[in-house]
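A.B. asks: Each chain, written out:
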Amino acid sequence: MSPVTTVRLIAAREVRQRLRSRLFVGTTLVISALLTVLAALPAVLGVFDPDQALLDRDQEEAALPRLGVVGTLSLADRAAIEAAVGPVEVVEVADVDAASAALLTASDDLTAVVVPGERVLVAPSGQLLRPASVVATRVAEALALGELFGGGPERVGEVLARPSLPVEEVGEVDPAEATARLVVANLGVVFLFAVLIMYASMIINGVIEEKGSRVVELLVAAVPVRWLMTGKLLGLGIVGLLQTLTLFAPPLAVLLLTAGDAIPAGVGGLGVAIAGWFVAGYALYAVMAAGLGSLVSRPEEAQAVLTPANVLMIAGYLVGFLAINAPTSTFAVVASFVPFSAPYAMLVRQALAEPAWWEVALAAAGTLATAAALTAVAARIYEGGILRTGARVRLREAWRAG
Amino acid sequence: MLVLEQLQRRFGEVVALDRLDLTVAAGELRGFVGPNGAGKTTAMRCAVGVTTPDAGTVTWEGRPVDLEVRRRIGYMPEERGLYPRMRVMEQLVYLARLHGLSAAAATANATHWLERLGLSARRDSAVEELSLGNQQRVQLAAALVHDPVLLILDEPFSGLDPIAVDVMSEVLLERAAAGVAVVFSSHQLDLVEDLCRSVTVVDAGRVVLRGDVRELKRAGDRRLRVAVDGEPTWVAALPTDTEVVDRGNGEVTVALGARVDPGEVIALARASGPLLHVRLEEPRLSELFRDALQDRLRS
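Residue numbers (the working numbering), protein chains in the order written: chain B, 19 to 420; chain Z, 1224 to 1522.
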């Protein structure tokens, strides 16, 4: 029987056994259903309803800015203001104290208060370029201009209408796409970390099951150890992909159906990048988990022996998050070529910095080559450790025995 | 024929195999016995390729035991092992297929052995749901399911109840009669004596006794068991080439050298009191085993 047939048999058993576990299948389906409901929520709540969005905007536009005035506003001043900011509703305010109180009361909805000849009052600005601040600034400018030119509102309007130098943005950045890319980078890093940790744990438990139940001695009498390891990794990898698809395909489909127009086109390709880096990351960390798993016989020792792989996974995850803040930095670029952080860092760069295709290919090749080298190391440790039941086997002993 | 020749294996400072030889011919049922730590399990693991010897060779029909040969071996490891959560039938079919059988042949064989071992009703149970005795039966089925030409069983009788011992004995005899080479290790020497034509005794990684069980017994020191009414003071006057090997229940067992006349010893015993009973026997295998170990210790 060929190695391919044997590996396929072993992989098929892994898939069958996992899919037969009601807990595994049940949990996956429940989480998938929850995610699908979450994905449908924006549509249900009308967040993406274009008609509703237009209506909201019309209502906003219909309301005139309310401008308070302490005392009286001359017709010339009012004309200058309206020339600058468009029609306004003028409200009389008794004095400066009343003006301050009114500005700080949301229900009064005052944009600004003019104290003619003195100043323009506005509520404290929580954020830069708040619309009220902009209006207040323009009102102040219009009044100053009116005073300067001494002329009628026509002159102010003329001055304000004079075209200023054009301000041009270079490149084509769609703000919606930029936001979506940032979200994908964040979610992608979290997703990769979660699934890699989950499948590393699944693999180590699979190895320990065979070692702890001692069935492995029966198996290695008929199957070379490397085939056994390969079959197990392949089988659990397929289970991982199936689970990932079950978890994320329905919510993604719902999201695309209900809000496809709201998702910028450039983001779609990132889904492929996430899937690709999942495969590369799985190849890297799965072989580590298999090699380390062969050193112990009891499930309670699994997490302890998996620590080196977990530390690398957590480090990669943190590096990914740092890279999100500075996707074009030297740090992010270097991290995207280091095999253990590449799945995270290159994904972030693909989302936020658009690296050249050869950079992505090089990082993927480096990760896969490292996985291949680690497979040889892990297989030797697996060979040396898998038959030694009982106490934990030292790495060095397993290496020598392998 | 399986031939283990001059096998050597060390684990650190411990010598597990020290130029050990073992042969098992087709149709032969050979017992492989020795005290704990004698090297039986290591030798069997070398035979199935689970452990690699430091030196020496393992051959089957004159060719090295490679993967193709290993797939034709039925193996029962000392530390029993099956997938606890996998169903019995599915597990047997899987193991048969890993040994190279087609899906149809694997299913047919698994069905046959489950029926033969009285497990048909449990074919869809997970192994962990079975009693220990039934788990042992599944383990035996796992060793047999792929029609092996060579059976290597490490302590197959350990932990079995008397009925299961009978079933196991029956199956081993039947397989040997069908031309399969069978070797099994055991601490139950009386069982080995009853079941096997040939035996190999090992100690400290070396063979200390081997051959046809009947011939070995014939060649060994006969045992004279004598009970006399009174104190067995007569043993002080035993001739040379005799040895008291056991005293208990008022009976003295004397090992007689080849040239010793049993009548002479009986006369000696009778002189010290009336005889209650006398029995002259060939040695039991367990006695030959002890003799061999003692000889080795003396040397």
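Because the hints were derived from the structure by calculation, they are not lab data.
Possibly wrong hints are sitting among the right ones.
Unchecked claim - If you want the footprint, here are the derived chain Z segments under chain B, 3+ residues with CB under 8 Å:
#, region
1, 1269-1275
2, 1292-1298
3, 1497-1505
Note that beta-carbon positions come from the ideal geometry of N, C-alpha and C, so glycine has one too.
A.B. asks: Next, verify each hint and record whether it holds.
C.D. replies: Results for each hint:
With 4 residues bearing a CB less than 8 Å from a CB of chain B, the region 1269-1275 of chain Z meets the requirement of three and the coverage assertion stands. Only when three residues or more bring their CB closer than 8 Å to a CB of chain B does the claim for the region 1292-1298 of chain Z stand; here the count is 4, and the claim holds. Coverage of the region 1497-1505 of chain Z by chain B is violated in this model, with 0 residues showing a Cβ closer than 8 Å to a Cβ of that chain against a need of three.
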